[in-house]
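Enquirer: What follows is each chain in one-letter form.
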Amino acid sequence: MSTVFQAKYKERGTVLAEDQIVQMSKQLETFKTHLEEFASKHKQEIRKSAQFRVQFQDMCATIGVDPLASGKGFWSEMLGVGDFYYELGVQIIEVCLALKHRNGGLITLEELHQRVLKGRGKFAQDVSQDDLIRAIKKLKAMGNGFGMIPVGGTYLVQSVPAELNMDHTVVLQLAEKKGFVTVSEIKTSLKWETERTCHVLDDLLKEGLAWLDGQAAGEPQYWLPALFSELCSRDVTPEEASEMVP
Amino acid sequence: MDRFVWSSGLLEINETLVIQQRGVRLYDGEEKGKMDVGILLLSTHRLLWRDHKNHDCCIAMPLSQIVLFEEQAGGIGKSAKIVVHLHPAPSNKEPGPYQTSKYSYIKLSFKEHGQIEFSRRLSEEMTQRRWEHMPVSQPIYTSTTSQAGRMRAVGIVGIERKLEEKRKEMDKNISEAFEDLSKLMEKAKEMVELSRSIASKIKDKQGDITEDETIRFKSYLLSMGIANPVTRETHGSGTHYHMQLAKQLGEILLAPLEEQGGMMALTEVYCLVNRARGMELLSPEDLVNACKMFEALKLPLRLRIFDSGVMVIQLQSHSEEEMIASALDNVSEKGSLTSEEFAKLLGLSVLLSKERLLLAEKMGHLCRDDSVEGLRFYPNLF
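Protein chains in written order, with our numbering: chain A, 1090 to 1335; chain B, 4 to 385.
No lab work stands behind these hints: they were computed from the structure. Don't take each hint at face value.
Said to hold, decoys possible - Distance condition first, Cα-Cα at most 35 Å in a straight line; then the derived DSBU-like pairs of lysine-lysine:
#  : chain 1 : residue 1 : chain 2 : residue 2
1  : A       : Lys1130   : B       : Lys175
2  : A       : Lys1207   : A       : Lys1137
3  : A       : Lys1207   : B       : Lys365
4  : B       : Lys206    : B       : Lys84
5  : A       : Lys1130   : B       : Lys171
6  : A       : Lys1211   : B       : Lys165
7  : A       : Lys1137   : B       : Lys37
8  : A       : Lys1267   : B       : Lys114
9  : A       : Lys1132   : B       : Lys171
10 : B       : Lys37     : A       : Lys1266
11 : A       : Lys1189   : B       : Lys37
Said to hold, decoys possible - Cβ-to-Cβ under 7 Å is the rule here; a few derived chain A residues that face chain B:
#  : residue
12 : Ser1159
13 : Lys1227
14 : Gly1236
As the structure is a prediction and not an experimental result, all values here were calculated from the model. For every residue, glycine included, the Cβ atom is placed at its ideal position computed from N, Cα and C.
Given these sequences and hints, build the entire structure.
Expert: Structure follows, in structure tokens:
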């Protein structure tokens, strides 16, 4: 545009971008004050109440704001939301890494939740499954295949870059009830041919997500350690715990 | 289980059904109880349960009996449960399935799942306590208590009152917090709208934006957690903050990288850096955005993304050819290697050693033998 035209444009009263940026800077300062006030009254609520965190996150999402985008963001600095979730991210990574040799990089949300809570210790802030899910969503930014697969009302958390397509997922879901699955179960429930069934099961074996029990009565069973590891490494039951000294 | 009374299962006027769930068994404390599996119903006033076979068998308990509840995760062979802790039953309670109980809690066992949603709704009802201001036509328990009843409850009354006060105060704090939160969000929304307006003007070139102003705009977006609407880049990439961060990382990561053979997975770096910081932690996106600036800032590190999607930080000095050549040497010496064996040999993580072998394969130096026993690499003699 020519300079004359530009000047005329400005005269018309159209606010220019650079002016709005100045305006934004001022509004940002005001907003920061409001946030500080909010923090001084309710910062504790964020740390103490999982319900409040859910509400907070949902509201942010509705207006188009990501309070966890950066540790340098206002939300993080003033409300401490950042540290809460980023630290949780570290704990999640560490649990997944520690168990990967056993379950191939797949773990139920429940087991992850239990182990993270244990790792945090008695005096640490409680975390809910919703908190874990949000932390995991953030971890995706770092590659490495963090993802969640819905199975039977809960989720399997994947922490390795294995390519799991619909076929793999559906077999995992089928195995969720008992912790294992057989070729004939798959063929009956999913109506697949043998070749497709064996191909998917072989994939799971190769990725270390499934173990083969060839000694099982009847036909071989394909066990998923992610689903049965709770049973194998059983912790103290409530009855046993109540008999111990607190 | 002695807090329950026999019920017709019909809802009173002003009482609304909130949620119901099939496949629930009730436990009297730890004991399975004489009831079978049935349908659990939550209303604004009561918790009801009906036998799934015999619909005439229906019991109910007022929500006011509930002190608190907690979830108990399920597992293989174990259904998820909700443990509900209860006030003692008043002495004038109507008859129910149990005359007495040695437990002050019951368990709801969800054999067909549904525990998550039920728990959420129960939590809502316990917070809102609608039964307190929506009287039903028939009082569920009569309010007069006999002398004996009062004496039996006397030790607990003080504790109950304290819990009640604490709960009321918690409710008050939470509702005030929610109110303040809504107001705050309104203001945040204004900021988002302003940033969108600016972005559209930048796109339509309405005004002269200097480079400086662009950087400033990006940092405002970073502060608010708003995605950059112009470039769709991840939040606040290319700001001064990330440049500083990149330089810091360039220093603190040198030693760990040397130790780990010149390469570390980004998730490892994330844990390392944040554990060292203790406070004011980096977000995953902060880390990625900072690492993207290594090249531009001429730092001796590089962010690299493998085909599999794995992201690593690599020392610039460790060239690709060197890594591939040494991988080939190792494999040739041993005849063949799996990722696990290679990892042990080099003291690397299995993930990264697999990536190196894959890279060598991609360049044509190794070939694979993929079987259910695992992935094994051989020198490529073709």
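Enquirer: If a hint holds in the structure, say so; if it does not, say that too.
Expert: Here is how each hint holds up against the structure:
{"no.": "1", "hint": "Lys1130(A) - Lys175(B)", "result": "holds (13 Å)"}
{"no.": "2", "hint": "Lys1207(A) - Lys1137(A)", "result": "holds (18 Å)"}
{"no.": "3", "hint": "Lys1207(A) - Lys365(B)", "result": "violated (42 Å)"}
{"no.": "4", "hint": "Lys206(B) - Lys84(B)", "result": "violated (55 Å)"}
{"no.": "5", "hint": "Lys1130(A) - Lys171(B)", "result": "holds (18 Å)"}
{"no.": "6", "hint": "Lys1211(A) - Lys165(B)", "result": "holds (25 Å)"}
{"no.": "7", "hint": "Lys1137(A) - Lys37(B)", "result": "violated (39 Å)"}
{"no.": "8", "hint": "Lys1267(A) - Lys114(B)", "result": "holds (14 Å)"}
{"no.": "9", "hint": "Lys1132(A) - Lys171(B)", "result": "holds (20 Å)"}
{"no.": "10", "hint": "Lys37(B) - Lys1266(A)", "result": "holds (26 Å)"}
{"no.": "11", "hint": "Lys1189(A) - Lys37(B)", "result": "violated (43 Å)"}
{"no.": "12", "hint": "Ser1159", "result": "holds (5 Å)"}
{"no.": "13", "hint": "Lys1227", "result": "holds (5 Å)"}
{"no.": "14", "hint": "Gly1236", "result": "violated (10 Å)"}
Hints 3, 4, 7, 11 and 14 from the earlier list are contradicted by this structure; the remaining hints agree with it.
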